[in-house]
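Asker: Residue-level listing of the chains:
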Amino acid sequence: MSRSREQNRRIRKSTIVLAAVVLAIYFGYIALKLYRHFH
Amino acid sequence: MAHAIDTAHDAHDAHVAHDDAHDGPATGIKRWLFATNHKDIGTMYLVFSLIMFFVGGSMAMVIRAELFEPGMQLVDPAFFNQLTTMHALVMIFGAVMPAFVGLANWMIPLQIGAPDMALPRMNNFSFWLLPFAFTLLLSTFFVPGGAPAGGWTMYPPLMLQFGDSFPMLIFAIHLMGVSSIMGAINVIVTILNMRAPGMTLLKMPLFVWTWLITAYLLIAVMPVLAGAVTMLLTDHFFHTSFFNAAGGGDPMMYEHIFWFFGHPEVYIMILPAFGIISEIIPTFARKPLFGRTSMIYATASIAFLSFIVWGHHMFVDGMPMAAEIFFMLSTLLIAVPTGVKVFNWTATLWRGSLSFEAPMLFAIGFLFMFSIGGFSGLMLAMVPADFQYNQSYFVVAHFHYVLVPGSVFAIMGAIYYWLPKWTGNMYNMTLAKTHFWLSTIFVNVLFFPQHFLGLAGMPRRIPDYAVQFTDWNMVSSIGGFGFGLTQILFAIAIIQCVRGGRKATAKVWNDAAPNGLEWTIPSPPPYHSFTTAPEIH
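Chains as they are written, first to last, in our numbering: chain W, 1 to 39; chain B, 1 to 537.
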């Protein structure tokens with residue numbers, strides 16, 4: 001069973017959103033602590 | 001083999017389903033190194049987990065041997081601390097979590113009617129990070145200064161004082177985190193996009209539901225752990241002072257960040273277990289799961305509450321009274337959705353036509369013994385009581401009851417439930433039942449006396465103790481050796497089943513008529529599970 005173009009698009013979109021959330025939490029957390037440290 | 005689901009084939013997708021025919025496993029080592037098939041990767045996760053279970057278990061054997069009687073007998077105190085730290089890290093990140101990911105890999109595509117996971121190459125990468133991470137972690141035993149010895153929580157400033165093992169530990173934790181995050185992304189993307197037509201979210205099996213919620217927990221908290229250990233790393237090597245009071249930092253902040261990860265992590269290790277129990281009990285009670293929808297809402301409630309209870313790990317560390325009361329009450333609140341679950345499982349058993357095959361025995365064992373761990377958790381949740389129990393063996397007894405006859409029994413139940421489906425062979429049921437009964441007896445001999453030791457005042461994480469604690473420590477150690485040796489039966493049962501045995505039918509548990517898509521395909525399943533999506537009505 002091949003995946004449809006639409007299904008691939010949805011898979012790509014949800015993967016990118018989840019990866020962005022992970023990176024945002026990781027760098028956001030460190031950035032927040034840095035900001036709090038210097039202010 | 002993964003060509004059928006290869007995203008690089010987008011351009012062809014609109015045309016025809018063209019490349020199913022030549023699919024099949026590669027031969028030799030390539031099958032495993034370059035695996036993109038969910039079943040192969042699931043198998044590798046489960047084998048890895050079993051190996052780590054024995055590695056972590058052997059550390060526990062040395063710990064219990066040293067604690068068999070007071071005084072120092074076998075190991076020096078520094079090595080003892082290394083063992084307690086590494087035992088926890090190996091069991092949490094190497095045994096329990098990979099076992100659940102292995103089960104997810106095997107069962108989620110089968111249960112939702114998908115041909116494979118949505119992101120098969122990332123799946124391969126997720127797995128193959130783990131052997132490297134754990135080689136790195138375990139090799140710290142051989143570097144100057146030995147392995148990390150500050151506890152799996154890695155609190156600064158103690159953690160910052162370790163030698164060569166420190167950066168190796170941090171890198172290993174990062175690798176495990178990356179692996180878990182990629183695994184979680186794969187699970188969510190698969191469940192949201194690859195379900196068979198007609199399988200609405202509420203129609204999904206409970207194991208899939210609990211894994212979906214677990215994956216969201218992983219996405220939310222693994223980057224927090226990674227952030228915390230990155231800050232530890234920069235404190236150690238780049239002279240930042242996130243957690244260094246002398247530089248204006250705050251070591252307490254680490255504890256808050258760690259436990260903001262740590263408490264949801266506890267539920268990451270138990271929610272999939274809840275899903276497994278919700279699959280096994282209805283099959284062997286021959287009744288639909290009682291309160292199915294409420295089970296899903298209860299799981300989601302537990303996941304939500306897991307984010308607002310972290311302070312209960314830090315009651316004695318100094319916190320405003322209002323915060324202590326908030327964390328106490330929010331923690332006690334978790335008993336409500338957990339109670340809903342235990343009630344529903346019991347109600348499913350009520351007037352069911354019960355039979356007690358090995359998976360059912362493990363499920364019922366889970367129900368009783370996980371509840372013991374849950375109740376001692378309620379005791380620990382109360383601030384004034386926790387002032388007494390904190391840092392004692394009572395805590396050790398509590399979390400081992402939740403994790404061993406809780407998570408580990410659920411994993412064993414799942415293996416015994418689905419192994420005939422995976423291999424096409426039935427295992428030796430007498431051997432499996434013997435494994436259950438000996439495990440149950442020994443796990444209680446091992447951990448129940450630790451409640452008494454803790455209440456009597458024995459601190460945790462110590463290699464030596466006052467003589468009045470000797471008797472129960474001896475009992476506990478005997479239970480430990482028994483439990484450890486009993487697990488050899490588990491390995492034998494699995495190996496025998498993989499090598500051959502009475503053939504299993506597609507339904508496996510014929511007279512119990514189990515419910516779910518995985519039972520509609522042959523045992524063992526074809527290399528690509530559902531090449532045509534099944535219709536769900």
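The set of hints was computed from the structure by calculation and includes no laboratory data.
Note that this is a predicted model, so its numbers are computed, not measured.
Keep in mind that the hints are not guaranteed to be accurate.
[As the list claims (entries may be wrong)] Ranges between beta-carbon positions, derived for each pair:
# : chain 1 : residue 1 : chain 2 : residue 2 : range
1 : B       : Q391      : W       : A20       : 54 to 62 Å
2 : W       : L23       : B       : I536      : 29 to 37 Å
3 : W       : V17       : B       : L332      : 28 to 36 Å
4 : B       : G352      : W       : A20       : 27 to 35 Å
[What the hints assert, rightly or not] If you want a taste of the chain B side facing chain W, the calculated C-beta under 8 Å gives, among others:
#  : residue
5  : L119
6  : I181
7  : L192
8  : P197
9  : P223
10 : N244
11 : G248
12 : F368
[As the list claims (entries may be wrong)] A few chain B positions that, by computed beta-carbon distances, are all more than 12 Å from chain W:
#  : residue
13 : F34
14 : N186
15 : A215
16 : S371
17 : N444
18 : R502
By construction, the Cβ of each residue, glycine as well, lies at the ideal position given by its N, Cα and C atoms.
Asker: Taking the numbered hints from earlier one at a time, note which ones the structure violates and give those numbers from smallest to largest.
Answerer: 1, 4, 8, 10, 12, 14 and 15
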